[in-house]
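Build the full structure now, drawing on both the sequences and the hints.
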Amino acid sequence: MSARGLRVVQLYPAEMNIYGDQGNALVLARRAGLYGFDVSVEAYEPGGDRRVLETADVMLGGGGQDSGQGQVVDDLMAVGPVLRERAAAGVPMLLVCGLYQLFGHEFRTGAGDVLAGIGVFDATTVAGTKRLIGNVVIDVPGLGHVVGYENHSGLTTLNAGQQPLGRVVAGDGNNGRDGGEGARVGNVVGTYLHGPVLPKNPALADQLLRGAAGLRYGDEVLTTADAAMAAELSRLDAVAERARAVAAGRPR
Amino acid sequence: MPVLRTYAASLLGKGVAGLMRLRGGHGSAFPGLVVERLQPRFLQDVLGALPLGTVVVSGTNGKTTTTKMVVELLRAAGLRVFSNPSGSNFTRGVVSAAVQAMRGGRLDADIAVVELDEAYAVHFVRQLAPRACLLLNVLRDQLDRFGEIDTTARLLRQVAASTVGQVVLNVGDPRIAALADAVGADVQVSWFGVDGSLAPQFPTDEQLHADAIEVATRDDAVMPEGAVVLAGLVGQHATYLIGGRGHEVDLSLYGPHNALNGAAALALTRAVLGERFDAAAQVAALGRVKAAFGRGEIWHLGGRALRLTLVKNPSGFRLALAGATPGTPTLIAINDEHADGRDVSWLWDVDFAPVASGALVRTTGVRADDMALRLEYDGVRVDDADADLGRSLDRFLHDTADRDVQVFSTYTAMLKLRAHLKALEQGRP
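Chains as they are written, first to last, in my numbering: chain U, 1 to 252; chain R, 1 to 429.
For the record, the hints were derived by calculation from the structure and aren't laboratory data.
The C-beta atom is built at its ideal place from N, Cα and C for all residues, glycine as well.
Check each hint, because a few of them may be wrong.
[To be verified] Pulled a few chain R residues facing chain U out of the computed Cβ check, cut under 10 Å:
{"id": "1", "residue": "GLY379"}
{"id": "2", "residue": "ASP383"}
{"id": "3", "residue": "ALA387"}
What follows is the structure, given as C-alpha cells:
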C-alpha cells in the first residue's frame, strides 16, 4: 500500500514568519510522517499559484512585522474567496497573530489606516497602545490547557456568535478584557499563541491532522505506521509534556 | 558649581559602590542611580569633557565583542580609552562605570567607547550627542522587550540622527543601511561589510526560508566606496580590504561573525582616528583581540578544552553552530529570565541539523525541556534534559571524559555556568 499524501501549505512564510511559527510546519510534517502520511510542505507567497491553496490539506499562517502585513494584505484580498471556500469546506487552518487578525473583518492600525481582512472570523482588531506580552495558558474545549507565548499590540474583539478558541487561564488573550483567546470556525483556528504553539500542544497538532485526513480520506483516525514510529511519537509527546509543565509555571 | 557638584556626586557614587562591595554586591547600577539623582548632567559634564568625545556601539549581535575590539584598537593607537564593562550596557551602568574610573572629579581618558543596548542607546543620546556611532545589525532578539524588529530599527535611527561626527553602518543589513538617510548634513557615513563571495558563511534572517522562496543573494549589493570589507575568510585567517588594499591577519577570535565584527571595529577606528589610522597596525592589533565574556571563550579543564558560546537569537545561534566541529559533545543551556528573553520561540528558527552527527547532546537550564523538544523535532536525539545547570555540567564533563566539548548558553545560564567553571578551574570539587 502506497503512503497517503498530505499537503501542508504555509501562507506567506517569507513575510509572516516571526516568533518561530515556522516550527508549526515542522511539527505537523513530522507528526504526519509518523502517522504514515507522505507529507509535503509548500509555501504560498503573494502572486503565487492558487492551485497550491486549492489542493492544500492543511494551512498554516504566522505573524509578521507591521510592514510585512501591509505587503500581504493585497494578495490576501485577491485569494480571499479561495480561502473562504476552503475554510467552509472544512480544510483545517492554523492562523497565528498577524494572519489571525487578517482572517477577521479588519485591522485598524495605530495610524488610523484600515487593513481589510477576509472575514473568515467574525472579529475585528484595533491597534492598542501597549503590547500584550508574556507566557499564556488557555483552556480549550476538547483539548484542555494549551500553552504558549503572546506578543501583540492588536486588540481583537469577537462579535456575538463568534466562538473563541479558548478561555484565558493566565495571560491577556484577545484583548486583555473579556477572557477570550483566539477564535474557531469549524476546523479553522486563530490564536495569538506563539511558542510556537504546536510543539508543546501536540493535541492541537493532531486535531488539525485528523481534520485533514478526514476531509481527504474520510477517516479521522490517526495510527502510527509501525512500532518504531509509535515509540518516536511517544518520546516526542513525553518531552512536550515536560516542556508544557515548565512553560505553564513560568512568570509572565 | 557644576564641576564641584559632579565631583561630589562621583565621590558619593564611589562610596555607595564601596559599601555595596562590602555587602557582597556587584556595585553595578545602583551607584549610577545615586549619581544620576544628584547630578542629572553627569554624563554631559564627564563624558562631554573628553577631548575626542564619546563613541556609541549598538545593534543586536556582537556589541560586546566589537566594543572590546574598538577599545583595544584605539589603545593600540595610543589613546587612553574609557569603556563600560559588558553587561552594564545601559545609561546608569555607564554612569556607574564612569564614577568608579574617575580621579579627582574627572575621567582620565581621551575618548569613551560605550556599548549600549538599543533602547538605552536612545536614552543615552538624548543626554549626550555622541561624536561617532557604530550600528551593527538588527536581528530577532528579545522581541518580547522591543516588540518588533522595525521598532528596534527605529530606536537605532534616533541614535544615528543624534550623532554629530561619524556614523558607521553595516552594508549587509538592509535595516541598518537604510539609516544612512537619517544622519545630519555634516555627518560622515562610513561602511563595513562582507564580500559577496563569503555570503554562504553569513546566513541572514531573510534567508531563513531560503528553501521555500527565492532570495536575492548579496552579490548584487554594491559596496560603497571606502567601505572596510571582510574580503576573505578561511578558518580564522581573515583578509580585510581597507582603502583598496588587502590586509591579512590570523584572528584570535573564532567564527565568521567575529571576523565581520572586526571589519566593523576597523571602520569605526578609521573614522575616529582619521589621518592617525595605520591600517597595518590596526589589523595586527585586531588579530590579538581575545574573546569577551562568554563570546566563544575557551576554558581549559585538565587536558581538554570547553568552548563556551553565548546564544541569544537565531542568527547568532546558527552562526555558532555553523562554526562548530562536527561530532563534538554538546550541552545547550537555555534560561528564560528577563535578560535571556522570556520568549523561547526563537529556538524554532534555528536549524539544529549541524549537531545531528551522533555526538552526545544534552540540554539544561530552566527551558531544558523546550530545547530538548526543539532538538527532537530536528531528529537530534537528546541524551538528557536536566534544568539544574551545575549538576548537568558536572555530569556532562564526567560522561565526556577527556574529550573537547562545546557549551551554548543564554545569558543568565552562562553566568551560573561560568561561576561553576571557575570553581572547577580552581580545583574545587
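Structure-based check of all given hints:
Taking 10 Å as the C-beta cut-off, the interface hint given for GLY379(R) holds, the closest approach to chain U being about 9 Å. Checking ASP383(R) against chain U: minimum C-beta separation of about 12 Å lies over 10 Å; hint violated. A hinted interface residue such as ALA387(R) counts as satisfied when its beta carbon comes closer than 10 Å to some beta carbon of chain U; here the least separation is about 8 Å, so the hint holds.
In terms of the numbered hints stated before, the structure departs from hint 2 and from no other.
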